[in-house]
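**Q** Residues per chain are reported as follows:
Number of protein chains: 4
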Amino acid sequence: MSVISPYEHKVCYYETDCMRIVHHSNYLRWFEESRVYFLDAIGYSYARMESLGVLSPVLGAFCDYKSPARFGDTVLIFPKLNEFNGFKFSVSYEVIGKESGALLATGGTRHCFADGNMRPIRTKKEHPDIYEAFKKLLNADVALKK
Amino acid sequence: MSVISPYEHKVCYYETDCMRIVHHSNYLRWFEESRVYFLDAIGYSYARMESLGVLSPVLGAFCDYKSPARFGDTVLIFPKLNEFNGFKFSVSYEVIGKESGALLATGGTRHCFADGNMRPIRTKKEHPDIYEAFKKLLNADVALKK
Amino acid sequence: MSVISPYEHKVCYYETDCMRIVHHSNYLRWFEESRVYFLDAIGYSYARMESLGVLSPVLGAFCDYKSPARFGDTVLIFPKLNEFNGFKFSVSYEVIGKESGALLATGGTRHCFADGNMRPIRTKKEHPDIYEAFKKLLNADVALKK
Amino acid sequence: MSVISPYEHKVCYYETDCMRIVHHSNYLRWFEESRVYFLDAIGYSYARMESLGVLSPVLGAFCDYKSPARFGDTVLIFPKLNEFNGFKFSVSYEVIGKESGALLATGGTRHCFADGNMRPIRTKKEHPDIYEAFKKLLNADVALKK
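Protein chains in written order, with my numbering: chain G, 1332 to 1477; chain C, 1332 to 1477; chain Y, 1332 to 1477; chain V, 1332 to 1477.
Calculated from the structure, these hints are not laboratory results.
Check before you lean on any hint, since a few could be wrong.
No distinction is drawn between identical chains; accordingly, a pair holds when it is met within one copy or between any pair of copies.
[To be verified] In silico EDC-like links for lysine to aspartate or glutamate, alpha-carbon gap of 20 Å or less: (1) K1467 with E1364; (2) K1341 with E1381; (3) K1419 with D1395; (4) K1476 with D1371; (5) K1397 with D1446.
My request is simple: use the sequences and hints to build the entire structure.
**A** What follows is the structure, given as C-alpha cells:
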C-alpha cells in the first residue's frame, strides 16, 4: 500500500470573511483541490480525464466545522476514497491545522462519472485506465510520512 | 402565519466552471444569501445582528445536487428554519429552477450564536429581540405567492 | 435615448474579507454582473449570445477603489459602453453606495468577440443582431430615474 | 541582491468559468497570493503585519490578459515592488505559463498602510521593522533560479 502525503493548502486572504475566519464554502473548494492532488499522486490527472471527456460531477457534499481556520494558517487535507464501483465514488476528508495538529473539519463528497452531456459513463468498460487509477486510490493511504 | 416569497438569484457568469455548470460550492453561498434575505423579510437584519457583536457561524452544511444550474438560469431558494432553541438553529433549503420549476438541489446548514471570540451567546437572555426574530422565522412559510 | 436604471447589488457576506470590507477582486465580478444586466436591459442576453457561440473575453480590467463597501451595504453600478467597433468594445463603471450616495469605485474593462476557440468574430457581418444590440448600448444612458 | 523564486500556483477547477478558461477576477487573487509569498520570502509575514494592526488595502488594481490559463496549467507569478515610500507602495506582476513559458498576463496593484479604522500609517516611524522589510523587497529580484 502506497503512502501519500496529505494535501497542503496555505489559507488565502481572499478566503476569509468579515468574521475573520475562512468562509465555510471554501472547504468544499479545498476538498476539490485535494481530489485533484490525490489523483495526481497515484499518477493520473483530472485534466487528462477531462480531456477524454470524462467529468466527475458532485452529487452531494457535506462538511462539519470543528474549529475555524484563519489567514496565516496552513491546513493539511487527508482525502480518502471510500467507495468506487466504476460508475460512482465517494471521498471523505479530514482538515487538520498544520501547526496545531487540531482537527478543523471533516467532510465528504459523492460523485459519478459523466460525459459533457451529463450522461453516465461506466469506466470499467469505457475507460479501463481510469478504472485502474481509482482502484489504486481505494488502497492508497494518505498519512504524514514519518 | 406570514408568507415570504422565495429568494431569487440570477446565476452569475463567474459562478460557473469549465463543466459549463454552476460550481457546487456556490450553493452554500446561495444558502447564505437566502438566510440574510429570510431574516430581512421578517424585519430583522444580519448586519444589525453583527453590529451587536452576534455572529452565527456555520457548524455544518450539506447539499444534494439533483440537476445542474447554468448561466442564464434564475434560481429560487426556499429556506426553512427547522430548529431554534435560542442558542443553536438549523435551516433547510430547496433550490428550484425559476423557469423549469425543477428541483435543482436540497441542503441544510446548522449554526450557533457566538461573539467575536467564538464564545456562545444565549439569545433569549442576552438578545431578546434576536430571539423573537428567530421565533417568528420558525413560523414563517416561504412559498410562491398566488 | 433610453434611460436604464443602474444595476443594484446587495453585498454578500462571502464577498467580505478579514479586513471587514469587500474583497477588491469582487468589483470585477460586479462589473461582469452589470454588463449582463446592461445587455438584458436593452433586450439582448449574454446567455443567448453565448448560445450562438459568441464569447466576449476580457482583454483588460482595472479598478480604482475610493471607499470600501461593507456587508449590509447595497451598491449601484453604472456601466457605460465607451467604444464599440463590431469587433472590440470597452465599458467603464461607477460604483455608488445606494444609501450614502458616495462614489466607492470606478473601473473599466476591454473585450473582444471570439468563438469557443478564441478566434475573433466580426459581429457586423457575422452576427448583425449582436452588432445592433451593442450599437443601442452606445446610446444608452444609465441613470437613476427621477 | 537576493533572488527569490516566482510564486507557483496550480490552476484550481473552481477558478475556471464556462468559457473553459480561468475567470479574469482570479488574477487579482493570484496577485494577492504572490504578495503574501513575496513578503514571506524575505522573512516577514502578512499575518504578523496584520496582527500588529497594520493593513495594506488595495487602492487600485489592473490586469492585461494576453493568453488564457486553463485547468491543468501551473502558472508562475513574478511580483516586483516598484514604489515604496513608507506610506504607499505599488507592485507589478507577470504571469507566465510554467510549461509553455508564455506570458499570460501582466498587472499591477497600488496600496497604502492603514489601521483597522482605515487611518493611514507611516511605517518608517510607527513600524520600522515593516519599513525595513519593504526596503528589502525593493531590492529583491524575482527570477527563475538557474
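**Q** Each hint needs a verdict: does it hold in this structure or not?
**A** Results for each hint:
Taking CA atoms no more than 20 Å apart as the test, K1467 paired with E1364 passes inside one copy only; the shortest distance there is 19 Å, against 34 Å between copies. Within a single copy, K1341 and E1381 get their C-alpha atoms only as close as 26 Å, which misses the 20 Å cut-off; across copies the closest is 16 Å, which meets it. For the homomeric pair K1419 and D1395, the shortest alpha-carbon distance between copies (15 Å) is at most 20 Å, but the shortest distance inside one copy (23 Å) is not. Proximity of K1476 to D1371 under the C-alpha cut-off of 20 Å is restricted to the intra-copy arrangement: shortest distance 18 Å within a copy versus 26 Å between copies.
Taking identical chains as interchangeable, the C-alpha atoms of K1397 and D1446 lie at most 20 Å apart only when they sit on different chains, with a minimum of 16 Å there against 36 Å within one chain.
Taken one by one, the earlier hints all hold for this structure without exception.
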